[in-house]
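**Q** One letter stands for each residue in the lines below.
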Amino acid sequence: MKGFHQLCSFQVGDQLFGLDIERVQEILMPPPLTRVPGAPPEVAGLLNLRGQIVPAIDLRRRLGLPEGTSPADAPHVVLRGDEGAVSFRVDAIGDILPFEPSALAPLPDNLRGPLRSLLLGVHALPDRLLLVLSADAVVDGLSPASSASAAPSFPLRSQESR
Amino acid sequence: MGDTPGWDDVMREFLLESREHVQGIESTVLELEAQPGSQPLMAQLFRALHTVKGTCGFLGFTRLEALMHAAEEMLGLARDRRLVLDRERVSTLLALADAARGALEHIEATGLEPAVDHSALLARMTGAATASKPLQVPEPLTPPGALPWRGAATGVDSKLRVDVALLDRLMNLMGELVLARNRVLQCAASPTPGADLATASQRLDVVTTQVQQVVMKTRLQPVGQVWNRFPRLVRELANGCGKQVRLQLQGADTELDKTLVEALHDPLTHLLRNAVDHGVEMPEQRRAAGKPPVGCLTLSASHEGGLVHLGMSDDGAGIDVQRVRQVAEQRGLLTADQAARLSDADARMLIFLPGFSTAERVTSLSGRGVGMDVVRTQVERIGGTVEVRSRPGEGTTFTLKIPLTLAIIPALLVTCRGDRYALPQASLREVVFLEPEQARRDITRIQGACVLRLRGELLPLVVLAAELGVGPATPDLDAGATLVVLQAGERTFGLWVDAIHDTEEIVVKPLWKHLKGLACYAGATVLGDGRVALILDAMGLCSRVGSVTEVQAQRVVPETAPEAAPADENRERVLLCRAGAEGRVAIPLSRVTRLEELPASDVERLSGGMEMARYHGQLLPLVRVASVLEARPGATEQLARNVKLALDDSLSVVVTTHAETRVGLVVDAILDVAEVELALQRETRRPGVLGSMVVQSRATEFLDVEGTVRAVHPELLMGGAP
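Which chain is which? The protein sequence lines are A and B, in order.
If you read the first sequence in our numbering, its first letter stands for residue 1, the second for the next number, and so on.
If you read the second sequence in our numbering, its first letter stands for residue 1001, the second for the next number, and so on.
Just so you know, the hints here were simulated from the structure itself, not pulled from any lab data.
Even glycine gets a Cβ: it sits at the ideal position worked out from N, Cα and C.
Some hints could be false.
[Unchecked claim] Only some residues are given here: those of chain B computed to face chain A with a beta carbon under 8 Å:
#, residue
1, Gly1076
2, Asp1080
3, Leu1083
4, Val1084
5, Arg1341
6, Ser1343
7, Trp1512
8, Leu1515
9, Cys1520
10, Ala1533
11, Ile1535
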């Protein structure tokens, strides 16, 4: 492990998250998304990245954060992956922060729920906490879509606005 | 030695060249077996053996050199007619090819010759050479099914041989493409792009199309590449079951996309195995049937109507349809009645069911019933279809119809709730627009299921919005209907969409791994405006149709519907009707050809109480279900009364087909469609009833369609079982 990293930080809901910047390919301002009916709710849709079709994950849903209205200009953080890029829809992009792996504090014991398995640890900034995400856990842990769920009960829209 | 500069190149050259020679040796040997003593073939074989021997000697691979030498000696004797290349010796030469292949593989991996003991093989060749008498103890042939050379192909398959002229053309086109791009960029940068941009983009369009065509051409491979291993396979399979089989190849130079060529390897292998094991009879049986003892398999390929047709025929015994019916019945796939009703063509399709096998015993080749099922799935996966034709005593032909390529396909764009989707044109049959009035008349809703009456047939409808979970199950008929008729395998169904747009050539891209489980989609693509569109999969949508169709095979050959209960074979979809005061009857949906509301004024009474309805310019015999069930002696009088009562009304008629004749079953009301477990309680012994059961927590009688018709119109079922 390298002694020094940089984190790409971003906001989802009220929380500040960070991802290893080595994994981040680019930041997109809200791209047009094509929804995929029948896909798991965490999948926000598909986007066209210079001819490559990239799946977009709604990070708010994926992290199990309380539903809220994402801003209309919600940016995307595009990650490199072994099987092509994957994009995360977040609420706002933060700064690039220096990060010392030794400064990574373990997760507090009382943090439970789906979020716990997706975090590498907590990084204490002077004024607030930054949750360091595991990009792999976020992507790979996604439940695969199956045909059984291909036809969610109508209407889908009401689910979205819930 | 390995450090010498240029050594790698020499080795690569050697391996490539020797592999080709070994393949050549194998096919020449097989040809020689068919035409013994052919001097040109002998000479060809000599050259190949000699070349390999020479290069092996040069590179110091002495074992391989010795093997080739021994083969040369043996062949020399054969050329001088001092020994005959009989079956054993041909096998020896084939074993030599295998040994050489193994050695080459080892050399590629390690740079060294394998330390395999070839003395037995050498003895077989030199023994043959010195003693020129039949071999006493031949080495056992590799058991079929574990043929060592099958896996050997994998390492080479990722490479492609391309005509240099084609590459030159591609290079030139790339140059043009760069120029066209520069032009477009320049125009776009200028403050007034105007007409220049239009010409530049046209040029770009032309060049791109050409590049696309040439790239496609480089991907095309002659189908013979898959085939060149089959003669050997057939020989070994035939030897394994003690049969004599000759393989003919026709149209081996037919070209096909490389990915398809590879995808076809397994299905064709299965078909060949099946043909050798089940199709071709034993030599003595063939003689008894007046056929030549050597069976003939023919593999053919041709281009027809934008598709590649691959044929696999044998001149064997053909498929015993009666036996197929029996087995299907024994395995509980069909009831005896269903099996008897199945047409021969439909019965033949049963062999594609998973786990289906008519073999009495499981051989090392087949009999487990995995083969044909795999063939069908694999071929359908690459967008193709399988057909089977067979004549008893004359043989069987399988025809695979495969699209030329997978990468770029023409597609129809449709909209559903504001989203665009692409529908591959290969599965498209026609487009139907219905005005609101027509829609109300021709579309019948039977609870959840929508059915369209199209030119006299019932077409099940899939409502795309409902299937995708973005709209109601039954759209508003008052807005009319836009339907795309799709064909998926054997089935035809209508896809109800919101609107239809242009056609566009689309580049198919696979779906993200987490989305691959969605059967509705075949992939995704980027449209001209840069937006992503999902590609709909006719096969996947079709599996949702269930069995709301009139073709029985479609129920018999269920698509793999993952959500279906495992005991699906015992389930049947039935039409629930009200007949009589309180009677509920179930009619198997498979027997329903159409549903009609006929005006009572169209009904004519004939003498003897028979009723006929004017129907599509013909007379449709009518049977009142209620009167048959109630079985009153005066059923005909009852009928007459009913007619009078219902004179101002319309009749709910379920049209069924019996042999060639259509009969209308008159019911009081059509209630619903339900899927029921066929667990009939048969104590009811009433005419027209097979039994009763509980459907939707109400007692329901299962209608005996034949019996009901016979009760009123016995003359219509002449020749039917009593």
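**Q** Checking hints one by one. Is Leu1083/B an interface residue toward chain A, by the C-beta closer than 8 Å rule?
**A** 59 Å, violated
**Q** Quick one, is the Ser1343/B hint okay against chain A at 8 Å, beta carbons?
**A** 31 Å, violated
**Q** Quick check on the hint: Leu1515/B CB to chain A CB, less than 8 Å?
**A** Leu1515/B check passes; min Cβ-Cβ to chain A is 5 Å, inside 8 Å.
**Q** When the nearest CB of chain A is found for Trp1512/B, is that gap smaller than 8 Å?
**A** 4 Å, holds
**Q** Does Ile1535/B meet its interface restraint, that is, does its C-beta lie within less than 8 Å of any C-beta in chain A?
**A** Not OK, violated: Ile1535/B not within 8 Å of chain A, min 11 Å.
**Q** With a cut-off of 8 Å, does the beta carbon of Cys1520/B approach a beta carbon of chain A closely enough for the hint to hold?
**A** The hint holds - Cys1520/B has a Cβ within 8 Å of chain A, the shortest such distance being about 6 Å.
**Q** Tell me if the interface restraint on Gly1076/B is satisfied: Cβ within less than 8 Å of some Cβ in chain A.
**A** 57 Å, violated
**Q** Using Cβ atoms only, decide whether Asp1080/B comes closer than 8 Å to chain A, and label the hint accordingly.
**A** With a closest approach of 62 Å, the Asp1080/B hint is violated.
**Q** Checking hints one by one. Is Arg1341/B an interface residue toward chain A, by the C-beta closer than 8 Å rule?
**A** Hint on Arg1341/B: violated, closest Cβ of chain A at ~31 Å, above 8 Å.
**Q** Given Val1084/B as an interface hint, is its Cβ closer than 8 Å to any Cβ of chain A?
**A** Interface hint status for Val1084/B: violated (58 Å vs cutoff 8 Å).
**Q** Under 8 Å, Cβ to Cβ, is where Ala1533/B needs to be relative to chain A, so tell me if that hint holds or is violated.
**A** 6 Å, holds
Checked against the numbered hints above, the structure breaks hints 1, 2, 3, 4, 5, 6 and 11 and satisfies the rest.
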